[in-house]
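2 protein chains.
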Amino acid sequence: MVVKSQIKLIRSLQQKKCRIAQKMFVVEGKKTVNELLASKMVVYKVFSTDENYKNNIGEVCDLISDKELSQISSLKNPSSVLGVFYIPEPLKIDMEDWVVVLDDIRDPGNLGTIIRLCDWFGIKNLLCSATTVDCYNPKVLQATMGSITRVNITYKDVSSFLRECNMPIYGTFMNGEVVYNQALPKKGVLVMGNEANGISKNIENICTNKIAIPQFGKSTTESLNVATATSILLNEIRRGNF
Amino acid sequence: MVVKSQIKLIRSLQQKKCRIAQKMFVVEGKKTVNELLASKMVVYKVFSTDENYKNNIGEVCDLISDKELSQISSLKNPSSVLGVFYIPEPLKIDMEDWVVVLDDIRDPGNLGTIIRLCDWFGIKNLLCSATTVDCYNPKVLQATMGSITRVNITYKDVSSFLRECNMPIYGTFMNGEVVYNQALPKKGVLVMGNEANGISKNIENICTNKIAIPQFGKSTTESLNVATATSILLNEIRRGNF
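In order, the protein sequences belong to chains A and B. Residues 1 to 242 (my numbering) make up the first sequence, in order. Residues 1 to 242 (my numbering) make up the second sequence, in order.
Errors might be hidden in some of the hints.
Identical chains blur together in the list; that is why a pair holds if it fits in one copy or across any two.
DSS-like cross-link-like pairs, simulated, lysine-lysine; straight-line CA separation at most 30 Å [as the list claims (entries may be wrong)]:
| no. | residue 1 | residue 2 |
| --- | --- | --- |
| 1 | Lys54 | Lys156 |
| 2 | Lys54 | Lys187 |
| 3 | Lys218 | Lys31 |
| 4 | Lys139 | Lys30 |
| 5 | Lys30 | Lys187 |
| 6 | Lys156 | Lys218 |
| 7 | Lys218 | Lys45 |
| 8 | Lys76 | Lys124 |
| 9 | Lys76 | Lys139 |
| 10 | Lys16 | Lys187 |
| 11 | Lys210 | Lys186 |
| 12 | Lys67 | Lys156 |
| 13 | Lys17 | Lys76 |
To be clear, the hints were calculated from the coordinates, so they are not data collected in a lab.
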C-alpha cells in the first residue's frame, strides 16, 4: 500500500521546486524504472500493481491497488510501475573530453533527446543553465529512455563555467564558419542555444569559435531544431577522432 | 460563415481515407497556412475568426465565428486560422540526386522531422512505403513547419522502386560498415527503417550498402531515434560533396 504522506510527497514531485527541496524524482514505466534500479541511482521506493513484478523486485517494491496508483501517477493511463528515486549529486566535470553546455533549452523533448545523444556519443558531462528545463521533469525522463543514468548533468551558471574552463568554446550561429572545414580538437566545449533565440549575447561573447551547419535547401527553410543540430555536431566532433 | 456540408467535409479530413478520397487536407495556424498560400499548393478555402486577417487574404478566406471554428478544428484550443488545401499529385522522382526512402515509419513527429531535414539538406524527393504514416496527418504537418511545400513526397511500393532505381542503395543497420569510412556517391538512395524493427527483411536484401553510425557510449544505450539518425546521415551525404 501507499500511505497518505507518500501520496502527498509523490504528487508534490510533479513540481520542480519540490523535486529540488526533496532531492527526489518520479519515473513511470517498467522499462525505465528497471534501468534506474540497475544503475547507480539510489531508490526511495517502487510501487506496482503487478504482483509478479513486486515479487521479482523484492523489498523495495510495494504492491498497490489500481486506485492507489491513479492517486500517485501523473499519467491519464498509468503504467503498472512507478518509481521514486533520489536526485544524485552531480560529479565534478571531467575536462579531459568534450563537454556539452545548454544555454536556456526550454522544451523537455529537446533536452531528453540531447541527453540521449550525449549517451550515444559518449559525452559524459552536460552542463545546463539554470533557465534550462529541469532534467527530472517527467517529459524529459520519458524522452531520455534511461540515458539519464549515464550522463552527468550539472545546473550552474554557464558564463562563469565558460570563463574558467580553459578550453576552446564552440557555439553554433547562423553566420558561423562551416563546421566541415574546422579541425575540431580532442576536447572542447559545445554550446547549444535556446530554441527561439539561439545563444544569448553574453555567452556569444565568450565563444572562441563560431560554427554553422550549412543549409543545402532553399533559404526559406526553418532553422534546424536544436536537438537535430546537436546530433549533427556531436557526430562531427566524434567522426574527426574516430 | 461555414456551411453544413463544409463542416462535414472538413471534419472528415481528420481521417486518412477521407483525405485520400477527397484529395484534400487541413492545416491549422496562421504561419503554416500563410506558407502554404505562398507555395504552389492549391487552396480550397481558408477560414478565420480574425477580420483583419480575412481582409488581408481576400476572397479565398471566409470570416467565421469562434463557435464555427470550434466545429471544424481538431484542436482543443484552435488557432484563429484554418486552411483547406488540395493534396498535390506527386511529381516524377528526379534520379539525379539522393532520394530518401522510408520503410514503415509510424510516428508522425518522426516523419515531420524527416521532411524538415530533407528540406534543410536540399533532398527534393522522399519516397514512403504505403505503411508509413500519412504526411497530411495534422501531427506530421505541425512538425514539418512548412517544409512539406518544398519536398516531393510519393507513397508507393518501396521494393519495386528500389529494384528499378539503378542507383546504389544505402540502408542503416546495427552491423553495417561505419559511414565515416564510406566514399558516398553524388547520388543514391538512403533507406531508413521502422522505429522498432528497422529495415524489413525483403528491403534489406535489396540494399547494396549496409552502413552504421558508430556508438561511442556504453553499449547499453538505446539505438538512435530514426529522425536523429537521418539528420546525421544526410549530413554525411552532403558534407562529402560540399
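Original post:
Quick check: which numbered hints come out false for this structure?
Top reply: 1, 2, 5, 8, 10, 12
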